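As you go down the protein sequences, you meet chains V and Z in turn. Residue 33 is where the first sequence starts when you use our numbering, and the numbers rise one by one after that. Residue 33 is where the second sequence starts when you use our numbering, and the numbers rise one by one after that.
Rather than coming from a laboratory, the hints here were simulated on the basis of the structure. Honestly, I wouldn't trust all of these hints.
All copies of an identical chain are treated as equivalent in the list; a pair is satisfied when it fits inside any one copy or across any two copies.
[Stated by the list, open to error] Distance condition first, Cα-Cα at most 20 angstroms in a straight line; then the derived EDC-like pairs of lysine to aspartate or glutamate:
no.: 1; residue 1: K319; residue 2: E387
no.: 2; residue 1: K389; residue 2: D277
no.: 3; residue 1: K281; residue 2: D270
no.: 4; residue 1: K389; residue 2: E278
no.: 5; residue 1: K389; residue 2: D270
no.: 6; residue 1: K208; residue 2: D453
no.: 7; residue 1: K480; residue 2: D463
no.: 8; residue 1: K319; residue 2: D251
no.: 9; residue 1: K494; residue 2: E108
no.: 10; residue 1: K354; residue 2: D251
no.: 11; residue 1: K281; residue 2: D393
no.: 12; residue 1: K250; residue 2: E310
All of these numbers come straight from a predicted model, not from anything done at the bench.
2 protein chains.
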Amino acid sequence: MSDLDRVLSRIDADFDTSLARLFDLVRIKSISTDPAFKSDCRQAADWLANELTAIGIPASVRDTNGHPMVVGHRKEDGKAGPHVLFYGHYDVQPVDPLDLWERDPFDPAVVTRPDGSKMIVARGSADDKGQLMTFVEAARAWIAETGGLPVSVSVLLEGEEESGSPSLHPFLTANKDELACDLALVCDTGMWDRQTPGITTMLRGLVGEEITITAADKDLHSGMYGGAARNPLHVLADILAGLHDETGKVTLPGFYDGVIEMPEDVRALWDKLGFDHEAFLGGVDLKYPAGEQDRTALEQIWTRPTCEINGVWGGYNGAGFKTVIASQAHAKISFRLVGDQDPEKVRAAFRAYVEAKLPADCTVTFHKHGGSPALRLPFDSLALAKGRKALSDEWGREAALIGCGGSIPIVGDFKTMLGMDSLLIGFGLDDDRVHSPNEKYEMTSYHKGIRSWARVLYELAKG
Amino acid sequence: MSDLDRVLSRIDADFDTSLARLFDLVRIKSISTDPAFKSDCRQAADWLANELTAIGIPASVRDTNGHPMVVGHRKEDGKAGPHVLFYGHYDVQPVDPLDLWERDPFDPAVVTRPDGSKMIVARGSADDKGQLMTFVEAARAWIAETGGLPVSVSVLLEGEEESGSPSLHPFLTANKDELACDLALVCDTGMWDRQTPGITTMLRGLVGEEITITAADKDLHSGMYGGAARNPLHVLADILAGLHDETGKVTLPGFYDGVIEMPEDVRALWDKLGFDHEAFLGGVDLKYPAGEQDRTALEQIWTRPTCEINGVWGGYNGAGFKTVIASQAHAKISFRLVGDQDPEKVRAAFRAYVEAKLPADCTVTFHKHGGSPALRLPFDSLALAKGRKALSDEWGREAALIGCGGSIPIVGDFKTMLGMDSLLIGFGLDDDRVHSPNEKYEMTSYHKGIRSWARVLYELAKG
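Model the full structure from these sequences, guided by the hints.
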């Protein structure tokens, strides 16, 4: 019997105690955004540091200006594979509205469905306590069964992920040498579906811009001035309307520089996934993909850059009517980036476009709202290949390579601050109700999640 | 010495007492919008009814659900000219901010400027107590000097003009037969400039529309859905941007039906006025007329129809950034109408245009905000010719035929409810600060205004 097989057997045999430990962690009300739960957050950090230390990954609670970090290390001298940094977060979302919960959110329970499938119901059961514990329990089984881990492991557990991670940047900066490893393992994402594991390999980047267009130096009466005075709301409409052409493409010169077409094999994989476009858009009462005409909705949200107006305002918006010509018009606009698109080049192209469209009588001010490039794990990366093999072995299905339309800030920070790629493996499902009442985690996600990490560590060690 | 000459001499001789009477009226704090001044409003109505009755126009105070009307009649049997209805309003705007007034707003005073010119400073000195008293004092002089008026005169003085005239419609409806005359005389407008009298002959109409465009049934995360989900703010921008072509013309089919080109002689008159386009736009920090490219700013605001966005909102407009795709986008849009443009045809054309632009996944709801046609006194009307002669005689300058970009609701009501055209003659100046602290009325406006009305009545009687 191989080491891996023995570890997997132990995981199965010990699963009840793994579940009990998750329940213990879930019972701690570590709501990071609410100061009333400050000591609960510390309690969760203490619990995790003790747990890690107990299983053989010496860990400590590290103070920050906010909630503490938990950091642990286990160096496996002489082993070949990469030194990995595992990341998760122990804080959870608030639970209101409490009356929509079917039971106490901090009193976890296993609920069996009519079809026999089971789920763990509690705040944090999925996001992220259940997920991070899949890794902790996998590590426990390896050390308990074999006396060590297949590769050197560091652990970083955060307590402010649900409240904007204000302490993360300073902590990474201050502890760069300690935390920089060869690869990050992040367990905070989802599977493709109930049967199909997933690795999130693409995260879109983001450029945010706010513009204010000013025409007259005061609001004008449209009777007195209408027709003669420049109306900044018209100017804004022209600018915004011109950002896309009639095929849905963004018109900014050079915008698509750095956009990467998916390799044929990835496309083929996606076709096999059978993404239900109708259900995706139908779920929000839409029917037709609205973006670039020659792309599927899945391509649009995973692999294509966008330009979206996120807010527009100006003039009168109260009840009734006011015949005003506003002095100013405002918009918030964001660009989702993919591949190697350069955020600052996109920003510059946008600003140049706006300036060029501006009539002589108007001025514009720009306000920058963040900019980060897209992130991706190269399709030919070794870590990705190992992760795919581990997951496929465990789930009996090829792992889906998932894109993510949004961004996960920690992944960008690991890349830019610590120089590490991240392997994003998680076992959440779309219906887990994270951030909502009656959050749950599939029992299979927890059990096979633990087994999956055991296999990932094993594959990574192969070198 | 003709009757007119004797009347004018009497006006000059009695001017001090005319001024004293205006001061008496101005001292009454008839702020219609503030319930605290309800009895002051009635006091002003009583004062005017007594005054009219005393000079020989028997008048009474007539109750409404709001502030009372003053109605008086003097029938001149056997005289040829039209029976005219004079309209003015005795209510005034609030006086706040009080600390910006250089003196008590209800303690009128004559202030002499360094150049010797005089002005009457008080709330209501111009709008509209000073203006309405020019007519009352002219009538007084006619009756006192000749025993009668040149034509039959009815008087309607309102007390709610500054608060939306809620009682006017019901009052006109209930007293239609009593108030319907041959011609309305309205004294609530301005001169062209300090030296040049004006008759306002064109008032633009107005169509107001509010639209709400709905795409998804909830706000979406732009990371999750951006690129695939229809963004109603983009749809709105496209719709609004398409309302004008690149020459500034409104694109709605049939929009310009009923628009009337000005006769050459009126254009010539305007050219002579020497409108200072630079000062007009420069006053609000603009430089270039923004509307139809082949029209001057004066044409644009007086004689050309417009389409203006008066308000736009949707998505996130708070501090910072939110990567949201809004479910709904909103706009308020108005059209200024001229000539014989049909408000309901314009509304229908707008709605058809929006519906046609709407992508399959969006719905739109329309909300109507009023619709009224443009009003104009035909350039060849007899009353206009008489008014022009009277003013030119008094001021030694040809009267300007003025357009008004906005609307004066009473003029529309007189036309639609009582079947009367209105001759709009007033002596206000742009710098009178009506509605603002330190409102003033030129002493010459008051004095020559009285003389002007004496002449208008004289000319109208010529038949």
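| Structure-inconsistent hints, enumerated in ascending order | none
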